[in-house]
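Trainee: Residue numbers (this note's numbering), protein chains in the order written: chain A, 1 to 280; chain B, 1 to 274.
Hint data in this document are derived by calculation from the structure and do not stem from the laboratory. In this text the structure is predicted, and so the values were computed from the model without any measurement. The beta carbon of each residue, even a glycine, is placed where N, CA and C say it ideally should be. Incorrect hints may appear among the rest.
Some, not all, of what chain A presents toward chain B, calculated at C-beta under 8 angstroms [as the list claims (entries may be wrong)]:
#1 35
#2 38
#3 59
#4 190
#5 191
#6 198
#7 202
From chain A, some residues computed to sit far from chain B (all C-beta separations above 10 angstroms) [stated by the list, open to error]:
#8 72
#9 146
#10 212
#11 240
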Amino acid sequence: MSSRAAPLPEEGRLRSLVDFYATQMRTSVVAQLQYRAANYFYMLGMVAEPVIYLVVWSTIARQHGGAVNGITAGQFAAYYIVWTLVRNMNIVFGAPFWEWRIREGRLAGDLLRPLNILHYDLAYFAGWKFVVVALWLPIAVGLSAVFHPDLHPSALQVVVFVVAIWGAYFVRSMFQATIGMLNFWTTRGAAVFDLYMATEMLLSGRLVPLQLMPGWVQTFADFLPFKWTFGFPIESLVSNLSTRSLLLGLGAQVMWTVIGYVLFTFAWRAAIKRFSAVGA
Amino acid sequence: MAGGDQAVLGGGRVNTLRVGWLFFKVGVMNELQYRVNFFVQLFQSLIQVGTGLVMLSLVYSHTTELNGWKESELLSLLGVQILLGGFIHTFIQPNMELLMQDVQQGTLDYALTKPEDAQILISVRQVRIWQVVEVISGLVLLIVGLTGVQSSIGAVDALAFTFALGIGGVLVYCFWLILTIGAFWVVRMEHVLELFEGIYQTGRWPVGVYPGWLRYSVTFLVPVAFAVTVPAEALTSRLHWPTLVLSVAFAAALFAFTRWFWRFGLRHYSGASA
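In isolation and in its complexed conformation, chain A is listed as follows (with noise of 0.2 angstroms):
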């Protein structure tokens, strides 16, 4: 009987994690459209807040004789119209739904798979991705026939952007990962959370570009990880970035998910130590 069983295919793991990510987000396009207006209500809520910072922008930018800080209206219209998009790609599995998933007790199943839950989560939500792209294009045109973008990228700030969106997901998805562990420590991790995103809502470039912030701001925000997130990802397609620049920041997002997912590492074997499932 043994002798028949054939051996695990060891050669074939990089294959079969390949396969894995493939099934999980053809699973995750097809649970996903189902949901269109669920999709719909997210992305039209999400929509209002760059629409705000615009429309404010662009109002200054017009009383001041077309420009803030050089960045003209046309420009604003761009940034903040990339922004919709670059947003929709950062949304990951976030730190809080850490706690749903503990309280639930869906985390005492999800332990039981083979793989980490972590690869779980990267392969829905970049499945998800595809859909929401989809659903945004219709966005992204009626934004800009309203607002006029003033958008020229040449072709490899368009490579470099598509590469960066998805630098973007992982950078993110590491970090809002390894926060999310501090919820097998506490069940009020929401002020820690929201201090979190309000730092990154500041140093990210999400709420302002960061050109308008002080000199010694854009100088800090360089070494954390949050303007890999949305700063870079917009300016690459919108702005004038150097070959060079462009090169550096794809590094840097490079860098941060190598960074993200060591913490992470550190941080999940600490917290499944203290992890016992509810009723247990």
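Given the coordinates of chain A, work out where chain B should sit on it, guided by the hints.
Mentor: Using the frame of chain A, we list chain B on its own:
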């Protein structure tokens, strides 16, 4: 049973206000068990106020006025927005979330089979008392902002402000309930929360800055402008009486519509086991 319980047991019609008050008391008692949440909420409110102030100072480091509003006036507007937001998070949103959840899980039946008016019941079942911190932080911002406003505020202005804020509360309640009633048709409604929060952020800026189509949307389609800008206008000597009268008429019409829409939605609700 003692005679005093006759009213509760159906011997007489229970006063609507009394039901609301009872639910409020139970809600407060529930929340008082979680006292650390007060500090969590305080911290969250500080972050919220801090982010708002940074945005304001960024805007006013590049300009002296935005569409005719000076920094201190806009600070008052931010105060009103946070104050009303606190009211929404304390009284309105928890009930709407519960309603959505009830429709999804079929437990709404329990509320519908009670003798009291169902709309009233589903509107008063929960209260998140610690969110009141937001109301207070909004009030502080409002007062700080008003000390910077040149013109003095008379008793009439203060009265008009309070009145307009009350109307704003009614408008937001109606809007939230209309959205939530959508749960009778669309099952997955949890993202409606993000939709509302996103739209509510438009209230941080005077409605005049928005281009025409958006201005009309956030005034009539989504009554954020009426709810936030009108009270703030009362305090910054911008309010014209016709605007106030219009907002009262609009609130009455919206309330009547919400009432009709609630009943219409209920007819489409088949319950969990039906």
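Trainee: Which hints, by number, does the structure contradict?
Mentor: When the structure is compared with the hints, numbers 9 and 10 turn out to be violated.
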